[in-house]
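**Q** Assemble the whole structure, with the sequences as input and the hints as a guide.
Residue numbers (numbering that gives the first Met the number 0), protein chains in the order written: chain W, 0 to 402; chain S, 0 to 402.
Hints were generated in silico from the structure; no laboratory data involved. It is possible that some hints are incorrect.
Stated by the list, open to error - No more than 25 Å apart at the CA atoms, straight line, and that leaves these computed lysine-lysine pairs for PhoX-like:
(1) Lys202/S / Lys248/S
(2) Lys50/S / Lys335/W
(3) Lys50/W / Lys335/S
Number of protein chains: 2
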Amino acid sequence: MPVNFIPASELSPVQGVRLASIEANIRYKDRDDLTLIEVSEGSSVAGVFTKNAFCAAPVTICREHLKTTDGIRYLVINSGNANAGTGEEGMTSADLICAEVAEEGMCNLDCVLPFSTGVIGEQLPYWKIVEKVPALIESLDANNWMRAAKAIMTTDTVHKGVSKQLEIDGETVTITGISKGSGMIEPNMATMLSYVATDAAIKQSELEAICQDITTQTFNSISVDGDTSTNDSFVLMATGKSGVQLDEKNSDKIISALSDVCQELAQAIIRDAEGATKFVTVSVEQAPDYDYAKEIAYTVARSPLVKTALFASDPNWGRIVAAIGRAPVENINISKLTLYLGDTLLIESGEPADSYTEEQGQAEMNKEEITIRVVLNTGDAKAHVWTSDLSHDYITINADYRS
Amino acid sequence: MPVNFIPASELSPVQGVRLASIEANIRYKDRDDLTLIEVSEGSSVAGVFTKNAFCAAPVTICREHLKTTDGIRYLVINSGNANAGTGEEGMTSADLICAEVAEEGMCNLDCVLPFSTGVIGEQLPYWKIVEKVPALIESLDANNWMRAAKAIMTTDTVHKGVSKQLEIDGETVTITGISKGSGMIEPNMATMLSYVATDAAIKQSELEAICQDITTQTFNSISVDGDTSTNDSFVLMATGKSGVQLDEKNSDKIISALSDVCQELAQAIIRDAEGATKFVTVSVEQAPDYDYAKEIAYTVARSPLVKTALFASDPNWGRIVAAIGRAPVENINISKLTLYLGDTLLIESGEPADSYTEEQGQAEMNKEEITIRVVLNTGDAKAHVWTSDLSHDYITINADYRS
Chain W
0 MPVNFIPASE
10 LSPVQGVRLA
20 SIEANIRYKD
30 RDDLTLIEVS
40 EGSSVAGVFT
50 KNAFCAAPVT
60 ICREHLKTTD
70 GIRYLVINSG
80 NANAGTGEEG
90 MTSADLICAE
100 VAEEGMCNLD
110 CVLPFSTGVI
120 GEQLPYWKIV
130 EKVPALIESL
140 DANNWMRAAK
150 AIMTTDTVHK
160 GVSKQLEIDG
170 ETVTITGISK
180 GSGMIEPNMA
190 TMLSYVATDA
200 AIKQSELEAI
210 CQDITTQTFN
220 SISVDGDTST
230 NDSFVLMATG
240 KSGVQLDEKN
250 SDKIISALSD
260 VCQELAQAII
270 RDAEGATKFV
280 TVSVEQAPDY
290 DYAKEIAYTV
300 ARSPLVKTAL
310 FASDPNWGRI
320 VAAIGRAPVE
330 NINISKLTLY
340 LGDTLLIESG
350 EPADSYTEEQ
360 GQAEMNKEEI
370 TIRVVLNTGD
380 AKAHVWTSDL
390 SHDYITINAD
400 YRS
Chain S
0 MPVNFIPASE
10 LSPVQGVRLA
20 SIEANIRYKD
30 RDDLTLIEVS
40 EGSSVAGVFT
50 KNAFCAAPVT
60 ICREHLKTTD
70 GIRYLVINSG
80 NANAGTGEEG
90 MTSADLICAE
100 VAEEGMCNLD
110 CVLPFSTGVI
120 GEQLPYWKIV
130 EKVPALIESL
140 DANNWMRAAK
150 AIMTTDTVHK
160 GVSKQLEIDG
170 ETVTITGISK
180 GSGMIEPNMA
190 TMLSYVATDA
200 AIKQSELEAI
210 CQDITTQTFN
220 SISVDGDTST
230 NDSFVLMATG
240 KSGVQLDEKN
250 SDKIISALSD
260 VCQELAQAII
270 RDAEGATKFV
280 TVSVEQAPDY
290 DYAKEIAYTV
300 ARSPLVKTAL
310 FASDPNWGRI
320 VAAIGRAPVE
330 NINISKLTLY
340 LGDTLLIESG
350 EPADSYTEEQ
360 GQAEMNKEEI
370 TIRVVLNTGD
380 AKAHVWTSDL
390 SHDYITINAD
400 YRS
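**A** Below you can see the structure in the form of structure tokens.
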């Protein structure tokens with residue numbers, strides 16, 4: 000059961016975007032597992048991908064196509080098989096899929112971006128995808144966001160989608176995004192796929208910068224278990240069909256709405272994290288710089304001992320302190336460090352707080368939403384990481400995933 | 000149940016070393032939880048300690064005393080309370096304990112090294128220790144190694160001790176060591192305590208160098224869960240009472256025996272890792288340098304997804320590949336990488352091996368002792384990490400540890 004998360008019951012269409020999903024029987028039976036997203040000609044499309052050196056074939060191809068394309072038109076996404084660890088044969092499979100979409104969609108090969116998510120190390124049965132492409136093209140529709148959100152799921156227990164609308168100078172700008180992912184979620188994303196589209200007009204170079212910034216604050220600030228996937232991808236699309244152009248006056252408003260959608264999608268992944276019973280924010284403040292703060296936040300968020308204590312609702316704050324102490328940063332000044340669990344002061348200037356009682360700690364730990372706040376008092380930078388606890392169900396899900 | 004581990008039924012006394020253990024009721028009832036180790040005057044003593052910035056009070060004091068002492072005489076070790084995260088009060092507690100041992104043992108304060116292991120963040124009831132010191136001094140005996148091995152245990156399910164004897168020029172040199180630790184075991188050791196003594200004569204400066212080298216190859220090559228404790232300590236003692244002096248001729252033999260004892264003690268911790276059902280060696284070979292190899296080995300050894308696959312005996316090697324790919328090293332050349340599970344070839348020069356069958360992988364995974372061998376083909380360096388799988392029992396033990 001996701002923590003404090005009610006899946007969206009409808010998602011707004013975005014002008015210039017059409018979607019289709021279908022059953023291709025790649026691994027799953029009796030459910031959609033193949034999705035095509037079409038963006039109108041002239042759209043800007045930017046992507047951020049996994050930093051895993053052993054990245055999947057489709058990730059390599061996405062990077063190439065984004066470099067050479069004169070405009071992305073199609074995204075083709077399968078679930079059930081990651082097409083990772085599949086060598087040259089995997090590259091060929093992804094190429095064949097792109098070629099079929101390009102032919103049916105009447106565009107160049109490099110106008111197609113391929114994505115795969117699922118089991119690593121098995122060859123992708125590309126022919127099952129290729130043969131469905133004509134039917135996908137046929138059934139493209141602006142109202143298919145919800146169906147796409149469900150088709151891209153793997154171990155997710157709920158679909159994840161968010162829509163927002165803004166009024167700008169009398170025009171409506173729509174933003175709709177979907178994401179999938181519930182495990183292997185880590186620093187630079189992990190078996191996480193997310194697609195967010197807006198009908199605002201945003202220049203390619205600006206969209207790329209926005210995409211990077213938002214990723215740092217949202218999808219790259221989540222952690223379930225420290226594992227980074229071979230396939231993580233986030234794609235931001237701007238069709239311009241609303242007629243509203245991003246400019247100095249409206250940019251804060253539009254970027255902030257894009258960021259909100261991505262934050263909700265990123266948090267939804269954590270709320271639906273494998274076996275999660277808590278939603279945990281680790282916030283590190285007053286640090287010398289952002290990376291310093293984030294390293295500490297990640298070290299706490301990744302600690303299996305902290306995560307099992309959270310699962311047990313045990314205010315065993317010694318484990319938090321031990322995790323902070325082993326963070327890979329130089330010169331942590333413990334004597335300046337202050338630590339809160341929710342509103343409860345645990346450590347003040349490096350010393351156990353006199354005011355602390357086990358009852359206070361227990362009350363904070365009993366909550367479903369927990370904030371661990373580390374105040375370093377050695378600078379102005381801050382960073383946060385959203386994470387979950389580590390439960391029996393995590394082991395069950397991951398020990399049984401392939402069977 | 001530890002993996003392939005039969006605890007020693009006896010441990011050899013080491014000339015010049017006497018030990019005593021006693022019930023002090025610090026946290027546990029009806030068991031020894033306080034130990035004193037005495038080394039004869041003129042012994043060399045070297046130590047390696049946690050790199051955790053939030054290190055425990057006794058670790059800080061150990062470091063100071065090793066700097067200023069004219070010769071360590073006593074080690075005092077309690078289990079049940081780590082005296083970590085305890086601020087100034089914790090420092091005072093550890094000081095008071097050392098002062099009492101120094102008075103009863105008739106030596107300077109800085110001839111005493113204090114150690115604590117157990118729950119973090121609770122003040123140490125130092126008076127329970129202080130009042131037992133006279134009785135400890137009274138009962139010191141060379142034959143108490145086994146009792147000490149048991150008294151330092153916390154979540155360990157078995158005691159850990161190893162003895163070895165060498166003949167050198169007609170003289171017998173004895174090495175005996177004990178260790179404790181079964182969780183939080185990570186890179187630079189973790190709630191791991193180990194004490195190894197020999198009656199060979201080794202100069203202080205030489206012993207310090209040997210201590211560092213052995214630590215890198217043994218105690219700093221184990222990983223259970225990525226958490227580094229506030230209290231980890233390894234102490235190597237040489238009394239010289241055998242009459243055998245370390246020299247050019249015998250040094251390989253003596254150092255190799257010391258290293259073997261430490262390797263057995265380090266591996267025993269992994270074999271008894273919380274919830275472990277497998278003993279896993281991750282070996283990275285033909286790397287550009289040692290640190291490069293070790294980073295990759297640790298990334299694989301720490302991956303919760305790899306560890307749950309090991310628990311499930313699932314030859315889901317894609318997870319191993321994904322972990323290698325996200326290791327924090329520069330320029331991994333995937334196209335040169337070869338990967339074995341035991342003797343079974345999985346990946347050859349970056350491509351899935353044609354010879355591989357799921358049956359082969361399954362057969363390797365079904366074993367209790369598993370070796371993951373990563374051959375980078377980009378240098379001459381190699382490193383290994385010993386680790387365990389991640390099971391339901393890990394969660395149970397760590398969710399319930401304080402209750």
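**Q** Look at each hint and say if it fits the structure.
**A** Results of checking the hints against the structure:
1. Lys202/S / Lys248/S: 15 Å, holds
2. Lys50/S / Lys335/W: 19 Å, holds
3. Lys50/W / Lys335/S: 19 Å, holds
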